[in-house]
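Engineer: Residues per chain are reported as follows:
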Amino acid sequence: MAVAQRSGGGYLERPAPSGLADVIDIILDKGLVIDAYVRVSLIGIEILTIDARIVIASVDTYLRFAEAVGRLNLQEADQSQGLPELMENMTEGGSKSKTRGALEGVKEKVGLGGGDDDDDDGGRQKTRTRRRSRRDGDEDE
Amino acid sequence: MSEVHVYGVVPAAAQPELEGDEVRLIAHRKIAALVSDMERGDARAVTVLRTHWRVLEEASASTTVLPVRFGTVMADDRSVVEEFLEPSHDAIVAALAEMAGKVQLTVKGFYEEDALMAGIVARSPAIARLREQVRGVPEAASYYKRIELGQRVAAEVERTREQDAEGVLERLRPLAIDARLEPPSTPDSAANAAFLVEESRVGEFGKAVAGLGRELAGRIRLQLIGPLPPYSFTGDQLAAGERAWA
Numbered sequence: 005m006a007v008a009q010r011s012g013g014g015y016l017e018r019p020a021p022s023g024l025a026d027v028i029d030i031i032l033d034k035g036l037v038i039d040a041y042v043r044v045s046l047i048g049i050e051i052l053t054i055d056a057r058i059v060i061a062s063v064d065t066y067l068r069f070a071e072a073v074g075r076l077n078l079q080e081a082d083q084s085q086g087l088p089e090l091m092e093n094m095t096e097g098g099s100k101s102k103t104r105g106a107l108e109g110v111k112e113k114v115g116l117g118g119g120d121d122d123d124d125d126g127g128r129q130k131t132r133t134r135r136r137s138r139r140d141g142d143e144d145e
Numbered sequence: 006m007s008e009v010h011v012y013g014v015v016p017a018a019a020q021p022e023l024e025g026d027e028v029r030l031i032a033h034r035k036i037a038a039l040v041s042d043m044e045r046g047d048a049r050a051v052t053v054l055r056t057h058w059r060v061l062e063e064a065s066a067s068t069t070v071l072p073v074r075f076g077t078v079m080a081d082d083r084s085v086v087e088e089f090l091e092p093s094h095d096a097i098v099a100a101l102a103e104m105a106g107k108v109q110l111t112v113k114g115f116y117e118e119d120a121l122m123a124g125i126v127a128r129s130p131a132i133a134r135l136r137e138q139v140r141g142v143p144e145a146a147s148y149y150k151r152i153e154l155g156q157r158v159a160a161e162v163e164r165t166r167e168q169d170a171e172g173v174l175e176r177l178r179p180l181a182i183d184a185r186l187e188p189p190s191t192p193d194s195a196a197n198a199a200f201l202v203e204e205s206r207v208g209e210f211g212k213a214v215a216g217l218g219r220e221l222a223g224r225i226r227l228q229l230i231g232p233l234p235p236y237s238f239t240g241d242q243l244a245a246g247e248r249a250w251a
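Those sequence lines, one after another, are chains A and B. According to the numbering used here, the stretch in the first sequence is residues 5 to 145, in order. According to the numbering used here, the stretch in the second sequence is residues 6 to 251, in order.
Accuracy of the hints is not assured; some may be wrong.
So the derived list for chain B, only partly shown, Cβ under 8 Å to chain A, looks like this [as the list claims (entries may be wrong)]:
(1) Val51
(2) Leu71
(3) Glu175
(4) Pro179
(5) Leu180
(6) Asp183
If you are wondering where the hints come from, they were derived from the structure by calculation, not from laboratory data. Just so you know, even glycine gets a beta-carbon here, dropped at the ideal spot from N, CA and C.
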């Protein structure tokens with residue numbers, strides 16, 4: 005399906021269609037709403053929903069941004085030592101993200117990549133192929 | 006107890022090729038709902054989301070699909086007909102006609118962090134000054150200054166993102182029938198824009214995205230996702246006649 009197209013020069017990055025993680029925010033909360041529907045209770049839906057939304061305004065984020073600008077031009081390895089622990093103490097179980105890049109995504113937390121669900125990727129692969137062949141000619145750019 | 010999970014709606018005349026036996030169609034007059042039976046209470050969200058995505062992808066390979074909001078469950082086939090297909094029939098027929106031959110393409114941009122931060126420091130003397138003040142100072146001693154620095158940077162990131170997202174939207178809008186910005190989906194998001202595009206122009210659109218990607222290289226990486234069912238462009242029509250929803 006969802007093809008993350010990549011140009012020869014690599015200007016369109018994030019090459020492999022990494023799958024669900026790339027489209028989760030596209031899918032959630034979109035589409036027709038039926039008046040009389042029941043919202044199904046699904047295991048882990050809160051986490052999916054949270055991870056599709058980013059929360060910028062937190063002390064956690066500010067410290068990571070501060071670290072990111074502070075790190076510019078200085079590549080000392082230990083620059084971020086101490087900060088993760090500090091942040092862990094401050095965030096009250098909400099954000100679990102640790103320092104890496106300040107802008108590092110939250111996708112890893114969902115575990116969309118593997119092992120987290122029992123659905124195999126076979127169907128998706130085939131679909132992708134079909135879609136591709138349907139609009140051939142536009143990925144040679 | 007079994008319930009009916011509703012994924013989307015297609016023209017009744019369509020015979021979408023669906024893998025797996027679990028997904029079936031409930032047809033009513035000119036439209037049909039894509040559904041599967043589900044036992045109550047034991048489903049993992051990730052699995053169901055993947056199914057939702059796959060079913061709509063598969064159906065959209067051969068016909069027009071309107072997505073139904075993820076997680077929609079109805080009691081049985083009869084309620085699907087009586088509470089969904091029948092009352093919304095005309096609106097859905099109209100929406101399907103409107104979406105025929107069109108697909109959604111989503112363009113996401115992601116910042117190169119160092120380039121973004123360097124740009125922000127270069128543009129803002131206040132940030133550059135604060136940055137010098139906290140550098141080399143122990144964490145504990147500069148805690149509040151670091152937060153202040155971070156807040157200023159966050160505001161700049163936000164401002165930059167608004168500009169960049171708008172830039173991507175306006176640049177590609179001429180190739181689309183409709184376009185809208187979606188909220189950033191990751192902290193490094195520079196743009197998250199959905200475009201409704203004629204199927205015949207998908208290739209042209211892809212080339213435009215590649216061209217824009219070349220211009221932005223080094224600062225923003227672009228990702229093109231699709232063709233997709235019209236997730237971001239479904240619902241407005243029905244909402245008008247029924248209840249408003251965000």
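Engineer: Which hint numbers does the structure go against, in order from smallest to largest?
Structural biologist: 3, 4, 5 and 6
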